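We have chain A; now place chains B and C onto it with these hints.
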Amino acid sequence: MGTPASKRQAARKPDITGIALIPLAIFFVLALVFPFLPLGDRGAFLLQIGFFTLVAGIMALSWDILARSGQVSLAHAAFYGLGAYGYALLLKTGMAWPLAMPLAALGAGVISLVLGAVTMRLSGMYFAIATLAFTEVVRTVIQNLPESVAGGANGLLVPALLGGNSRGQYLLALALLALTAGVSLAVRTGRLHHAFAAIRQGEETARVLGVSTVRYKLAAFFISSFLAALAGVLYAGKTFFISPLDTFSLANSIAPLTTSIFGGLYTTLGPILGATVLRVAEEALHNVVKNGYLVVYGLVLMLSILWLPRGLMGLFRRGKHGGDV
Amino acid sequence: MDLFLQTLLNGLLQSGIYALVASGLALAVGVVGIVNFAHGEFLMIGAFMAWAASAFLGVDPLLSLPIVAVAVFGVGALTYRVSIRHVLLAPELNQMLLTFGLGILLQNLALMLLGGNTRTVTTPYQASSLNIGELSIGGPKAIAFGLAVVLLGALYFMLYRTVLGRQMRAVAQNRRGAQLIGIPVDRVYLIAFGVSCGLAAVAGVLVSVLLFASPTVGLVFALKAFAIIVMAGLGNLTGVLWASVILGLSEALVQTYVPGGGGWSDAVFFLMIFGTLVLRSFRRPA
Amino acid sequence: MPGEVVLRADGLSKRFGGLQAVQNVTFDHYDGEILAVIGPNGAGKTTLLNLLSGVYRPSTGRLELLGQDITHAPMEHRCHAGLGRAFQVVRPFPEMTVHENVTVGALFGQPGTTLPQARERAYDLLERTGLADQAARAAHELTLLQDKRMEIARALATGPRVLLLDEVMAGLRPGEAAEAVELIRSVRADGVSVLFIEHIMPVVRDLADRVVVMDQGQVIAQGTYREVTAHPQVVAAYLGTEEGLGA
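Protein chains in written order, with numbering that gives the first Met the number 0: chain A, 0 to 324; chain B, 0 to 285; chain C, 0 to 246.
No wet-lab data here; the hints were simulated from the structure.
Source: prediction; values computed, not measured.
The reader is advised that the hints may include incorrect statements.
Said to hold, decoys possible - Some but not every residue of chain A turned toward chain B, in silico, with C-beta under 8 angstroms: (1) Val32; (2) Leu36; (3) Val71; (4) Ala132; (5) Ile253; (6) Gly291; (7) Tyr296; (8) Met301.
What the hints assert, rightly or not - Counterexamples of contact, computed for chain C against chain A with all Cβ distances above 12 angstroms: (9) Gly60; (10) Leu143; (11) Leu144; (12) Arg184; (13) Val234.
No residue lacks a Cβ here, since even glycine has one placed at the ideal position from N, Cα and C.
This is chain A alone, in the form it adopts within the complex:
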């Protein structure tokens, strides 16, 4: 146990219990090796599934970061779509993609601050409905802009990322997921973790203890939407074509939410794990369930709420309190 002085010394160190660093590292090693495996005839197809799994991971993890501050958002499709549209429009101006990508994300981040400021004092269902409405507003605006600007309801063509090189695209997505995981871990081990968790668990108490809730809630919005917009850029660059209905689809708000809850809220590994399981399951079931695959997401969401409140991560450390919260 040690002397009081050594305990005191130990107390300085950040508390990182429950951060599953080793499984996380294993995931990234496996994901890095994956595109170099002899995948055979179905290689291109598998690589594409891998790519969208990584994009789903970025979406889920970025959603989770926002949720950690108590803001359960239904606006992720908006950030995703703003990233995709921002990127496409910047490319149209002749900008190089490595510049357009972060700029599009930055743009989405700035717009999210407007939403964050408006919803600052809303909570629970009011917050959820306002964010849902925000998504519809953004979609309606883009759809009703003159076609020459953003393609209207018909959508826009987007040049393929990295000239359509599948392996390159996969590795880029992996790098961005690694960035997202890095941000998530930095949030988890720093000031933001304490601010977010305090706001989530008692906003007024947090303010009494000196937490500038406005600043931290906006920070959560910015970080989250920046990362989600990067996922949108990946999507736009992979599919060559974006339209308001697909890009701003409610599905893109539902999937990250369900994935995080299913994987394990407020963790770094959970949403990534959830994305992998749900995405692979989606492909496996693709031939069985053709239309309306989201059925599975609805079911998983309901069952998680009713029976698996701590998600997949809860299965691994049953009965242990606290964890990576």
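Below, chains B and C alone, put in the same frame as chain A:
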């Protein structure tokens, strides 16, 4: 001037359906205390039932309406029993996500089984219209509005003049107290949730005639119903009526007077949500 | 003997619709002083505390902390300016450990604190409040007394010059209350001025340097415990109430 009156009339007619959907939602929120994100899907179920009855059995939607209402009441009651009931004491977030999951499930189940196409119900009175002076009202619209008024009348009669209605309002005002004076709260919840879903389904039947049935038809009505109950104040049953009229009229005005209004009128309710929420949040003490 | 004024309320009033909850309350709180606010139920004590801590803004009047006008400052600014508060109903962050709870106060109460510094300071306060052994437990597992200690440790972690305590003795057994009294004394010994609301008169007698008595939203007397309990208006206000003054 006639255009203006016609616009107001169209808005008013539209608000009847909004009020049906929204009072159902207000019942779930106010009495059961559950924000039902799957509300629109019960409307969708109603619309498809009416379509099926008409397409396969040749039954007019107006005739199938009572059967649909009762059937979806049952579906709602069952939903309450197997899912909602288990999260009544859970955090609001869990309740919300549960109904959200249910909505996604139902919507996509419909998509899986029926495909994404819209199905229209044809009726003999489809093209009929009523003319009052210079103003003209589509026959189905007039019937739908009339029905909505009658049903809302019945609903409010039930709420304010019957034992069950009084129990519902008592539960809405004070859950604990209601339990203490011996109101069977669980049964009241079950019935209220069933009625809530039944109202959505009735609106769905009307929507199947006026518009169409499709897996996603419920979503937009549910969103508008949210806007209405937010404007009326959560759980405020009477406020729902005037809030519905305001939404219907504003949409009609935007449609008529804003260039390219068709596309923008669907944005009216977001503005309403935003406006109300923001106003309200800034009126609360810091 | 009175030193610098740390907290000055000047004519504070708060109206809720037709109800005048707090009316023209004026008092000075001196450095290093333990000041009690007492009064019968409904006297407006809790509203006053909410005005001081920033839950409500006063309808009229002015509030100064260390010479700085904080009448309209948001709660977090008051905290940074040196005002700490412990709630009557303890509100731990339920999913955090005890140590993390206190760390939040240490980290955000004084801008510029790093996380390791905050964690260490939080641990110090846990030792001082006798909670070091509970550091790694979940906050929702604590007993009521431990909860109150944590609440005080958390408020102290923000580095307050003035600490507001809202009926911290409520619900404690006599032995526990004595411990809490000791804790509050030691807080003052560290140079923190304490303003507390209390119902239990022996605690007020033992602890308070000065007492402000409220009735029906107004201050009806100020002075030492002996002075105010002899004040006819105070006696009248308490007469007939169940609490009495004798306790």
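Taking the closest pair, is the beta carbon of Val234 (chain C) still more than 12 angstroms from chain A?
Holds, because the least Cβ-Cβ distance between Val234 (chain C) and chain A comes to about 36 angstroms, which exceeds 12 angstroms.
Chain B contact restraint for Val32 (chain A) - C-beta distance below 8 angstroms:
34 angstroms, violated
Taking the closest pair, is the beta carbon of Leu143 (chain C) still more than 12 angstroms from chain A?
Since the minimum Cβ distance to chain A is about 17 angstroms, Leu143 (chain C) lies beyond 12 angstroms and the statement holds.
Restraint outcome when Tyr296 (chain A) is required to lie within 8 angstroms of chain B by C-beta distance:
Holds. Min distance 6 angstroms.
Hey, is Gly60 (chain C) genuinely clear of chain A, shortest beta carbon separation above 12 angstroms?
21 angstroms, holds
Hint validity - Ala132 (chain A) Cβ closer than 8 angstroms to any chain B Cβ
Holds: closest Cβ of chain B sits about 4 angstroms from Ala132 (chain A), inside 8 angstroms.
Beyond 12 angstroms on every Cβ pair: is that true for Arg184 (chain C) relative to chain A?
23 angstroms, holds
Double-check Gly291 (chain A) for me: the hint is only fine if its C-beta lies closer than 8 angstroms to a C-beta in chain B.
Holds. Min distance 3 angstroms.
Let me know if the C-beta of Ile253 (chain A) comes in closer than 8 angstroms to any C-beta of chain B, holds or violated.
6 angstroms, holds
For Leu144 (chain C), is the shortest beta carbon distance to chain A beyond 12 angstroms?
At about 19 angstroms from chain A, Leu144 (chain C) clears the 12 angstroms cut-off, so the statement holds.
Using Cβ atoms only, decide whether Val71 (chain A) comes closer than 8 angstroms to chain B, and label the hint accordingly.
6 angstroms, holds
Does the nearest C-beta of chain B fall within a distance shorter than 8 angstroms of the C-beta of Met301 (chain A)?
4 angstroms, holds
The structure fails to meet hints 1 and 2 from the earlier list, while all remaining hints are met.
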